[in-house]
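Trainee: Protein chains in written order, with this note's numbering: chain A, 1 to 279; chain B, 1 to 279.
Heads up, a few of these hints could be off.
The list cannot tell twin chains apart, which means a pair is met if one copy fits it or any two copies do.
Below, a list of computed lysine to aspartate or glutamate pairs in the DMTMM-like style, where the Cα atoms sit at most 20 Å apart [stated by the list, open to error]:
no., residue 1, residue 2
1, K196, D182
2, K196, E90
3, K94, E129
Treat the hints as calculated values from the structure; they're not laboratory data.
All figures in this text were calculated on a predicted structure; none of them were measured in a lab.
2 protein chains.
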Amino acid sequence: MLDKPENSFGYTTKVSVSQAQKARFLKFAGDTARVAGAQTLPFFRVNTDVENKHTDGRFDPVTEADRTAERTIRDAIGRTFPNHGIYGEEYGYKPGNGLTWVIDPIDGTRAFMSGMLHWGVLLALFDGETPIVGAMYQPYTDELFLGDREVTHLFRGQNKRLLRTSTCEDVSSACLATTGYDWFSTEDLSRFERLKAAVQMYRLGGDCYLYGAVAMGSVHIGTDASLNAYDIQALIPIIVGAGGVVTTYDGGNPSMGGAVVASANHTLHSQVLDLLQTT
Amino acid sequence: MLDKPENSFGYTTKVSVSQAQKARFLKFAGDTARVAGAQTLPFFRVNTDVENKHTDGRFDPVTEADRTAERTIRDAIGRTFPNHGIYGEEYGYKPGNGLTWVIDPIDGTRAFMSGMLHWGVLLALFDGETPIVGAMYQPYTDELFLGDREVTHLFRGQNKRLLRTSTCEDVSSACLATTGYDWFSTEDLSRFERLKAAVQMYRLGGDCYLYGAVAMGSVHIGTDASLNAYDIQALIPIIVGAGGVVTTYDGGNPSMGGAVVASANHTLHSQVLDLLQTT
């Protein structure tokens with residue numbers, strides 16, 4: 001059981017959820033992420049040179065895509081679970097009954113703007129202590145990662161694949177991935193540098209997608225700093241459901257973000273946290 | 001007309017190619033990259049934990065995928081153009097009649113190993129001075145970038161899209177992308193840092209795929225150092241065909257690799273080369 005995060009949207013208790021309820025929430029998360037993701041595609045790889053000639057003022061396709069997707073998700077939650085709270089990147093926080101949907105309509109905004117592929121729609125349900133279901137959907141590749149802390153699947157077209165993290169238990173054989181250095185504080189960067197020096201290989205870039213790679217076993221350690229709750233919550237049930245571990249750099253509850261690290265398994269994570277210790 | 005690269009596989013003259021021949025080479029490049037790319041997919045995202053239990057010794061899916069794809073391409077060239085030369089990452093150089101096919105069976109090997117999406121099969125035809133057709137195929141997303149220095153298309157499923165680079169003519173508004181810092185010499189890194197300081201936004205990661213993003217107009221400047229001929233040749237006709245410019249950091253012929261930079265247009269490229277000048 002994870003410790004209570006410091007800021008849990010003001011709630012002081014964890015809401016109990018039955019298996020049947022959780023299954024319903026999981027299905028809703030996947031379906032809703034798909035619908036919202038499809039709505040971002042008309043804004044992906046548009047020619048802003050052309051669009052800016054046709055509109056008054058500057059056309060910002062990313063902002064449009066972000067807002068459209070988040071409104072769609074908030075509307076679906078409002079219709080289906082009117083008592084639930086909502087916390088989203090674009091439209092902020094709306095309190096509810098203790099269960100809170102946490103939305104990043106496009107995680108990897110810069111990747112989206114650059115026409116690259118490592119971005120996705122993130123949707124999680126937070127129970128006051130931890131996210132219990134999580135969906136990450138990449139609409140261009142039609143990949144839906146869906147996890148509930150017990151099991152994780154990757155859906156693509158008609159395919160459904162059970163995901164398992166790697167059995168790599170040695171940090172010196174591990175592949176490490178992080179989105180980039182700009183989000184690290186000086187202290188977090190020096191902690192990260194120790195980890196980077198210990199692994200076999202590291203990769204830059206990735207945003208949410210690198211945590212999907214952790215879940216599928218091809219990346220062994222994923223980390224980013226300065227995360228918001230909406231950047232990481234959806235990914236936690238996906239990673240944990242595939243057999244992985246996610247904490248802050250100090251081993252705490254990662255639900256509210258900050259400097260967060262995910263490993264393929266507990267043995268590896270223990271080595272990772274040792275390397276990340278403040279000296 | 002570009003200057004002659006220093007090493008042109010030993011050839012001293014440029015081979016003239018008719019429009020009809022070029023069209024045939026372009027089609028061959030696209031078709032062959034597709035076939036080879038399809039052969040890499042069985043090795044993508046395989047569970048090496050499992051595979052290593054079933055084989056004697058260590059199963060290396062990337063090496064297998066690389067070699068299989070390059071053999072397929074070399075066989076197709078041998079059947080179709082028996083007099084042409086071949087230069088590939090895995091199986092080296094075979095001299096020919098002055099036209100040389102240049103192969104990177106998987107560009108972005110580490111991305112491939114990590115289960116990420118920014119990698120592709122690269123195939124170019126070099127005329128002794130410059131690559132005249134180029135294909136980049138990402139089989140997982142089924143995207144084929146195909147260019148002949150005059151026109152560039154992106155094929156995906158039944159879709160065919162004409163690509164045009166951005167009209168961004170101001171480096172301070174530009175989005176810059178590079179695969180990572182590890183390939184820069186100290187001097188090239190300091191040149192790159194001046195460029196990075198001048199742009200609006202930069203992205204890390206990408207390998208060949210970032211040059212596809214330059215061709216489609218969503219990245220304005222792409223650069224990497226320590227490139228081999230097979231890392232860049234296929235991308236040159238794609239970028240140039242979409243309206244972009246590619247040279248070495250000193251403005252020379254990029255065909256043999258090294259520190260290479262691609263810009264969306266000549267105005268932007270001139271600013272980029274000024275920033276990259278040795279001080």
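Trainee: Which earlier hints can't be squared with this structure?
Mentor: As far as the earlier hints go, only 2 is violated by this structure.
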